[in-house]
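Model the placement of chain B on the given structure of chain A, informed by the hints.
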Amino acid sequence: MDGHYKTFLKTFDKAQRQQAAEWVTLHERGLTDEEKSAFEKWLSKDPSNEACFFEYQVTLAGFEAMDEWKPAYSTSPNPDLLDNKSHVKTKVFVALGGLAAAITIAVSLLTIMQFGTGNAEQVIVKTYQAQSYEKHFLDDGSAFYLQKGSEVAVSYNSSERHIELIKGEAEFVVNHDPRRPFIVSTEVGRVTALGTVFSVFEDAGYWEVFVKEGKVRVAEVKEDSRPDRSSEHYTTELVAGQRIIELLTDEEFSPEVETLVGEALEARLAWKDQIIEMVSVPLSEILLEFKDFSSQTVVISDEELKTMRMTVAIKPDSLYDFIDLLALTAGVEVNDTSPGPIYLTKASN
Amino acid sequence: MPQVDKQEKDWFLKELHPHEPMLRAWLASRFPTISDFEDIIQEAYMQTIKRHRKKELDAPKAFLFAITRNLCINLLRRNKIVSFESIKDSDTQTYTDQSKYIPDTVMDKEQYVTLTRAIQSLPKKCRRVFTLRKIYGMSLKEISEELNISIKTVEAQITIGVKKSQEYFMKLQD
Chain A
1 MDGHYKTFLK TFDKAQRQQA AEWVTLHERG LTDEEKSAFE KWLSKDPSNE ACFFEYQVTL
61 AGFEAMDEWK PAYSTSPNPD LLDNKSHVKT KVFVALGGLA AAITIAVSLL TIMQFGTGNA
121 EQVIVKTYQA QSYEKHFLDD GSAFYLQKGS EVAVSYNSSE RHIELIKGEA EFVVNHDPRR
181 PFIVSTEVGR VTALGTVFSV FEDAGYWEVF VKEGKVRVAE VKEDSRPDRS SEHYTTELVA
241 GQRIIELLTD EEFSPEVETL VGEALEARLA WKDQIIEMVS VPLSEILLEF KDFSSQTVVI
301 SDEELKTMRM TVAIKPDSLY DFIDLLALTA GVEVNDTSPG PIYLTKASN
Chain B
1 MPQVDKQEKD WFLKELHPHE PMLRAWLASR FPTISDFEDI IQEAYMQTIK RHRKKELDAP
61 KAFLFAITRN LCINLLRRNK IVSFESIKDS DTQTYTDQSK YIPDTVMDKE QYVTLTRAIQ
121 SLPKKCRRVF TLRKIYGMSL KEISEELNIS IKTVEAQITI GVKKSQEYFM KLQD
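Residue numbers (our numbering), protein chains in the order written: chain A, 1 to 349; chain B, 1 to 174.
Same shape as in the complex, but just chain A (with noise of 0.2 Å):
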């Protein structure tokens, strides 16, 4: 049997497919009148027309969210962002435990600042804070997820990419480049990126690194984090499936690596999921399950619905995703009275 390219090319011969695809670039750039008239014309010539057209429509629509995706402090667009031939693409996770409460989502741009002497560049030092799962973009890029509560602050320069984990944890897809380390950095250590995936765990008393793929190098660093002012005292490189621990509570920085092995493995490797999967529940008891990644307060005023039972499959930190779905395909009605509560009614028809 054909795929699906060769039935497309065999559907629309070589001619209509290239006049489809020169309306859609007409239609993203914005049609004139005399285009209109030329392209209904088109399009009333040959019933497929409209079909080969749709085919190629649907393939530039989906590239329309990816603005979303643009790099958050780019001083200006980079045409080759996108650009894998000179690097791999591997991706780092980074956690640090111990949240504080809700915060703010902000995005604020600190400062302009200039580190080093004599001829130093400009580095632009942009901080994150987040209240709920958010997802940044860098203008090398790479990426970060910020779990809630989360704060971050990024700075670039020419010979390094350094990210400080100011507190709570985030997941970076990091455009890996050897000749600009992807540093992260806490109060306790800072992880290189050697093209893996790892985690960094911190809170009062425990530090842990955890690798999951690849490779880390893992560096204690006393006084100032940032990499071009701090000393090294303890560096190790750790590999995929092991950790290093260390209890804050000693004076002496001295570590333990050990080899997670079997369902220790696993439940590291699965800890960030935090899908909780609920059979037969009433809604009134699944969205107690949001109380602790929200501050939002949701008032179900409808008996009816407080007892309507649901099998679901939430995400704890994404309580607005899932009313929206009860408002779309549950017959529920949302009254939105944000700072205040959210209302919920069983909708009348």
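Derived by calculation from the structure, the hints in this document are not laboratory data.
Keep in mind that the hints are not guaranteed to be accurate.
What the hints assert, rightly or not - Have a look at the derived ranges for each label pair, beta carbon to beta carbon: (1) 236/A - 153/B: 48 to 58 Å; (2) 80/A - 17/B: 37 to 47 Å; (3) 338/A - 14/B: 24 to 34 Å; (4) 7/B - 32/A: 22 to 32 Å; (5) 53/B - 343/A: 19 to 29 Å; (6) 347/A - 124/B: 49 to 59 Å.
Each residue gets a CB set at the ideal place from its N, CA and C atoms; glycine is no exception.
This is chain B only, laid out in the frame that chain A set:
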């Protein structure tokens, strides 16, 4: 929080919902190994509505189809979804809804990877034009100035890119 208001429901009923039969047939012909599109379609509706909230869609039907196609491609990759079923009465098992829910965060990452790879598969000039147009939202005129090429060249590159992306996505469906 954005909520589904009457205006949005009207827009949904006018611009998206009437295309569902066609969408189902379109999906069935392209993804014969997927037996149930309920969850995919519900998720695509949500994403389309969310996108429309942020920026009015010129071609909502095409966007809906594109999102649905992307979700199907990702589903084939992942071969795993999580469920969202609304049960009106647990005793009688009368379902008011069969929709399912794929977490945004999972979808976002997959979508990012799929679309990024599609753009990376394009020839260099084409990729640069697509990047400026789709990620930076620049007009064709702005792109021509940025890359120091004529608008006609920008248009030609978009045409090439549309055709090549089409090929890329269709091959992913095979």
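Hint check:
As the Cβ distance of residue 236/A to residue 153/B is approximately 53 Å, the hint placing it in 48 to 58 Å holds. The hinted range of 37 to 47 Å is satisfied by residue 80/A and residue 17/B, whose Cβ atoms lie roughly 41 Å apart. Separated by about 27 Å at the C-beta atoms, residue 338/A and residue 14/B satisfy the suggested range of 24 to 34 Å. Range check, residue 7/B to residue 32/A: Cβ separation about 31 Å, and the 22 to 32 Å hint holds.
In this structure, residue 53/B and residue 343/A meet the distance hint of 19 to 29 Å, their C-beta atoms being roughly 21 Å apart. Hint check: residue 347/A to residue 124/B, Cβ distance near 52 Å, so the stated range 49 to 59 Å holds.
Checked against the numbered hints listed earlier, the structure breaks none of them; every hint is satisfied.
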